[in-house]
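Q: Using the hints, position chain W against chain F.
Heads up: the sequence lines are chains F and W, in that order. Using the UniProt record's numbering, the letters of the first sequence map in sequence onto residues 1 to 707. Using the UniProt record's numbering, the letters of the second sequence map in sequence onto residues 1 to 707.
Calculated directly from the structure, the hints in this document are not laboratory data. Every residue gets a Cβ at the ideal spot worked out from N, C-alpha and C, and that includes glycine. Worth double-checking, as some hints may not be accurate.
[Claimed, not checked] Listed next, with one range per pair, are the computed distances between beta-carbon atoms:
1) W/P478 to F/A286: 48 to 56 Å
2) W/P568 to F/A286: 55 to 63 Å
3) F/E232 to W/P648: 48 to 56 Å
4) F/K639 to W/D532: 26 to 34 Å
5) W/K566 to F/A492: 40 to 48 Å
6) F/T120 to W/R416: 41 to 49 Å
7) F/G558 to W/Q384: 54 to 62 Å
8) W/Q384 to F/K639: 46 to 54 Å
9) W/V407 to F/E69: 42 to 50 Å
[Said to hold, decoys possible] Pairs of lysine-lysine residues, derived as BS3-like cross-links and limited to a Cα-Cα distance of at most 27 Å, are as follows:
10) W/K430 to F/K430
11) F/K657 to F/K639
12) W/K639 to F/K536
13) W/K430 to W/K38
14) W/K639 to W/K688
15) F/K639 to W/K636
16) F/K636 to W/K639
17) F/K649 to W/K536
18) F/K649 to W/K566
19) W/K649 to F/K566
20) W/K636 to F/K636
21) F/K639 to W/K639
22) F/K636 to F/K593
23) W/K536 to F/K639
24) W/K466 to W/K229
25) F/K536 to W/K649
There are 2 protein chains.
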Amino acid sequence: MTLGRGLEAIFSPRSIAIVGASQDASKIGGRPLQLLQKYGYAGTIFPVNKSGGTVQSLPAFQSIEALPETPDLAVIAVPAEVAVDAVEQCAARGVRAAVILSAGFSEMGEDGARQQARLTQIAENSGMRILGPNCLGAVGVAEKAIATFSVVLEERMPDAGSVGIVSQSGNLGSFTMRQAGERGIGISRFMTTGNECDIDIADAIAFLARDPGTSTILCCMETCRDGAKLIEALSLAHDAGKPVIVLKIGTSDAGQVAAASHTGALAGADQVFDAVFRSTGALRVASIEELLDVGHAATIVGSGELPKGNGVALLAASGGFGVMMADAASAAGLAIPELSASTQRRIRAAIPYAAPRNPVDTTAQISSRPEILTEVLSAVVDDQACDLTILLLSSSLFLPRLREVYVRSLTEVRQRYPDRLLVLCGSGPKDILAKINAMGIPTVEGIDAVCKAAAGLLRLRAALSKTHANVEVARAVPLSSEAFANESKAKAVLAQAGIPILEERVASDLTSALTAAREIGYPVVLKILSSDIAHKTEVGGVVVGLATPEALAEAHAGMTTRVAEKAPDARIDGVLVAEMASDGVELIIGTKKDPIFGPVVVAGLGGIFAELMQDVALRLAPVDERQAMEMLSSLKAFKLLDGARGRPKADVTAAAKVISSLSKFAVAHVGSVAEIDINPLLVRPQGKGAVALDALLVPVSRAEGTR
Amino acid sequence: MTLGRGLEAIFSPRSIAIVGASQDASKIGGRPLQLLQKYGYAGTIFPVNKSGGTVQSLPAFQSIEALPETPDLAVIAVPAEVAVDAVEQCAARGVRAAVILSAGFSEMGEDGARQQARLTQIAENSGMRILGPNCLGAVGVAEKAIATFSVVLEERMPDAGSVGIVSQSGNLGSFTMRQAGERGIGISRFMTTGNECDIDIADAIAFLARDPGTSTILCCMETCRDGAKLIEALSLAHDAGKPVIVLKIGTSDAGQVAAASHTGALAGADQVFDAVFRSTGALRVASIEELLDVGHAATIVGSGELPKGNGVALLAASGGFGVMMADAASAAGLAIPELSASTQRRIRAAIPYAAPRNPVDTTAQISSRPEILTEVLSAVVDDQACDLTILLLSSSLFLPRLREVYVRSLTEVRQRYPDRLLVLCGSGPKDILAKINAMGIPTVEGIDAVCKAAAGLLRLRAALSKTHANVEVARAVPLSSEAFANESKAKAVLAQAGIPILEERVASDLTSALTAAREIGYPVVLKILSSDIAHKTEVGGVVVGLATPEALAEAHAGMTTRVAEKAPDARIDGVLVAEMASDGVELIIGTKKDPIFGPVVVAGLGGIFAELMQDVALRLAPVDERQAMEMLSSLKAFKLLDGARGRPKADVTAAAKVISSLSKFAVAHVGSVAEIDINPLLVRPQGKGAVALDALLVPVSRAEGTR
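If we strip away everything but chain F, and leave its shape as in the complex, we get:
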């Protein structure tokens, strides 16, 4: 089935039936009916109510069967107990889509989940698309197709525009729609997916990706029930060149617990979502405010004008505000290059006492001679050292005296430099802001917010211009249980997959260990080999730096005793004698199977630091070597690999190759391998490679058994 198929029946239906239509506009069966009439929906409305008669001055029908024609869309607003039957009747009648506003399904436990499963079945059998249940419905804004009971529409209908809003949470989506209206953002479509018995957020995104009336997609997510579908939908939008800006909530442990209890679905690890958005070119934001600010800015400037680099020119009427802007811009990852000498001269020519370097301080002069803004702003906007200009007007636009002059300046500067990106920071009367937006200048109220929005535009450009890596990995024959037996077997399997390991031998007794050491060459490492011992060091099962046969013999005896004491029940497969290596930086790398999105690959500094400092890079598997390199360089600890404090640079190319190979291996063996740990991967100095010193493979069954 094509993603997002059939959603036009919800957004632009020729006719709508309201099942459970009510006279009372505060009821969920009354509000859509009232709103459709109030805002002038042009199609046919069929109230359905078992009592018949007239509802909100329209003739009502007693059932779906009784309707004079088959409606495109049915809005279901009857209690859960009878909703399923109503939906069945809609499907039988050939209705193209149903929006179930009623609650009382999977969110209410097993009985509700059973009812919801029936809905899923109906959708599958009939091909009718179903939105909800337990959702706040949808709106086709230009069409006034209102299939929602959102109280936000009690206030006013959103302006029609090109921004699509999709949300799992009804209230969150509804609030986003309201705030978008407050900021003058025009909406194309609005959809909330609730329990997602059929249509999910991926369908909604995919539909908007193809919808010619939508240019930007704002998305509020709590969870994901089908990872592959979400990835496909986000990729569709990316390929269509449409920004998808995502607020994914449930980032904290407390939030995830709340989300799980709210949606009844596993929230999924937050970092995995980061990886999903990164790999599909979606832009993740941290708050509703940022969602709206970036969405607004992206829509106003259009994708053609996104900033090419992170250099920002800051212009304020006060040194203090300049300092705050510099702080906020730095925190948002923007650079503040010094303006060129000629720009500085132009500024000083207009205002002798101005601070012209960047941030530019026009001083209080600007409020007694506001007309000088034109020349100063022209000079700044024209400076090629910066990719965009942020002009701070704080609350000046509320003053009629200044407002007129400033708007005239902005008009002039915009005409002179139509290709240069300019963003305004401040507040003002709505009509004035709309006028400024119409010039292609976004307006954002706070200093932190405007810098985050500017950084968002920059990230958006990177996200939209990125090409999919397209690492193809064929499924491999499942690994035999043998491969999971111990370190030696695991390493042998990984070595075949191209991951370097050191020379090592399995030895059943001291004599063969001595032979192995002689062949390998001293010094050697001695390790216990047992499928029952996952953490060898904890039972004294590793001794390093054995330089002589005597030392090896002594270590062998000691280890045998210690292991027998600390792990008396472990079945021992022998010992491992391995080449000794220590010159390098130790990483931990591994893979894990995410229950929603499949294998992910992680990399971090070895030892206790990755854990203490939460310094780990995570991506969806597979990754190519370029992506693996990018993972390594995103670590705070990267400096250690990159030759900090006069250390030799480590062979990061080799390390990236190992990460990529491991990630492909995890995908190829997704059916049999649940987790892989390489701890440590020793990354030697440049040109000398990287080797896995220890490895652990966890089979699918074992990992699932312990979950």
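A: Below, chain W without anything else, positioned relative to chain F:
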């Protein structure tokens, strides 16, 4: 001179002279005159203008001398060239205070600085207080004493109230005053200090600390020119039980550069300011919005009702919003305890399908039956597991139908539980918010913002209830230059100050080194000793783990060769033979003399990690052992000291003792010691102490010479 003395002449003068009074209200000499009359200042106004005549319908005087009586306050609005003379005349006439709005002083280079120095001189000689120059002036709100040309007053006069606003930046302060008005925060006094030739921000804080009309102080800072004065002022406010909430800008490198160029003053290290605010009980915030939100909340609830713990109950009409609130609360450091079984039963009794654990989700029921809010909110507010409740109403208060019912509910709940802390998150009509605020319920608009404000109240309680440590340190006799000669001398001095070191001997040649090693006992460490070599390892000047006389001899020979090669010009004082120790965690501790605030003490994990991870604790010196312990436990790396991953716990008590001793030593020797580095301090397992393995003392002269 008493801090903050004489500022009443600025805030509540009986008469005001405007020097440079202008007919044109858009000029800086015209606006104060217009505003004083417009808002009805009750005292006498004397326009001073060299042409005399009538200015803005008041008779003008040609000079200060010509005034019929001596005004309490003179506002100086004439160009810099003549401003100093005018100020001199004011002082001669016995005017109590002058506010210099004119620019063109130290911000304009050397000439301006000379003029400003004359102003400082006048203030000192005459006792007349001077505000500015290059400032936006001051306002006594209740008194309508307007000595400012802030455009914000063109719009409206702030409401009188108990919040004082002080700012170095005029615009920043002015904007804060405006936004405070927008949020219904009443103002007592407003002051901007500009170039601070006499009155500085510390004076302003100290005055407000004693001002009976001010209960909360909001402060915008860019820099500090006199550290001791600021600390005294903040301590005064703390002792008066008044919250001081500080927005210190210039946190980033880019911001500090901008601040330095703007104010012409050294901005100071940002972390040192953190330490200052921490030690004086001031609350630092990160943005104007947070300044206003916390200021508003603190003023509305009053200091008596600040939350006792970090448990917060979250109540929303939507699961999605509940999840967002949980995320935001966690990010702000709040806990979200599960509500008691009886609370949950009460909630379920009112709304059968509610999620009652915390966050509480009332479901959309609340918008069709809004009256149930009273019972649900009562149940939540009454739950003793939480210290405060945050109720999210988002934009519901804009809907008349819901608004009335909700306001009634809030009134009832507040009457039933007057001692329980309740904060509202949402927006609504101003008069409705004011009504809710009047019940003692603060209102904050965004989810992140309300959680930050709640956390701010919590931090405020901690800050206000903290007692000063009062570590007394007497000045010591300055150290002789001898103490700075090399590692051995430095350690000897520190050992006298109570900092443990290992046994070690200075040896001039191999023979005496061998003797020393025999006496100390093998294994030993050998180090080069030279006042010209600060970083011994870089020249191969440290060899550890020497177990035999042969090894020592070999190391001695090798080191001599290497050092001669790599540092041929260094004067060598011999070698150091020291006891070997390695079992423990290595810290770096040290002190540095901040140019504004004096000695600070720092502690971090040794090796490259403190630097890579920016994981360092910094406090004003001296610290007592309790504060030193708190420094250690604030480190991310504290887990390493505290027995992470089965390691033995380290002797943090001993480490804290060393940090405290070192900080006292730095204060005692502030005249001669500029910097101290102990790198590493080896912290051994519990009960085994901590020892300085290496130490460096930098004398004041050398540090200042290299700056």
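Q: The structure should be examined with respect to each hint, and the outcome stated for every one.
A: Now for the hints, and whether the structure bears them out:
{"no.": "1", "hint": "W/P478 to F/A286: 48 to 56 Å", "verdict": "53 Å, holds"}
{"no.": "2", "hint": "W/P568 to F/A286: 55 to 63 Å", "verdict": "56 Å, holds"}
{"no.": "3", "hint": "F/E232 to W/P648: 48 to 56 Å", "verdict": "52 Å, holds"}
{"no.": "4", "hint": "F/K639 to W/D532: 26 to 34 Å", "verdict": "29 Å, holds"}
{"no.": "5", "hint": "W/K566 to F/A492: 40 to 48 Å", "verdict": "47 Å, holds"}
{"no.": "6", "hint": "F/T120 to W/R416: 41 to 49 Å", "verdict": "46 Å, holds"}
{"no.": "7", "hint": "F/G558 to W/Q384: 54 to 62 Å", "verdict": "57 Å, holds"}
{"no.": "8", "hint": "W/Q384 to F/K639: 46 to 54 Å", "verdict": "49 Å, holds"}
{"no.": "9", "hint": "W/V407 to F/E69: 42 to 50 Å", "verdict": "47 Å, holds"}
{"no.": "10", "hint": "W/K430 to F/K430", "verdict": "17 Å, holds"}
{"no.": "11", "hint": "F/K657 to F/K639", "verdict": "19 Å, holds"}
{"no.": "12", "hint": "W/K639 to F/K536", "verdict": "23 Å, holds"}
{"no.": "13", "hint": "W/K430 to W/K38", "verdict": "25 Å, holds"}
{"no.": "14", "hint": "W/K639 to W/K688", "verdict": "18 Å, holds"}
{"no.": "15", "hint": "F/K639 to W/K636", "verdict": "19 Å, holds"}
{"no.": "16", "hint": "F/K636 to W/K639", "verdict": "19 Å, holds"}
{"no.": "17", "hint": "F/K649 to W/K536", "verdict": "22 Å, holds"}
{"no.": "18", "hint": "F/K649 to W/K566", "verdict": "23 Å, holds"}
{"no.": "19", "hint": "W/K649 to F/K566", "verdict": "23 Å, holds"}
{"no.": "20", "hint": "W/K636 to F/K636", "verdict": "14 Å, holds"}
{"no.": "21", "hint": "F/K639 to W/K639", "verdict": "23 Å, holds"}
{"no.": "22", "hint": "F/K636 to F/K593", "verdict": "25 Å, holds"}
{"no.": "23", "hint": "W/K536 to F/K639", "verdict": "23 Å, holds"}
{"no.": "24", "hint": "W/K466 to W/K229", "verdict": "20 Å, holds"}
{"no.": "25", "hint": "F/K536 to W/K649", "verdict": "22 Å, holds"}
Consistency with the previously given hints is maintained throughout, with no hint failing.
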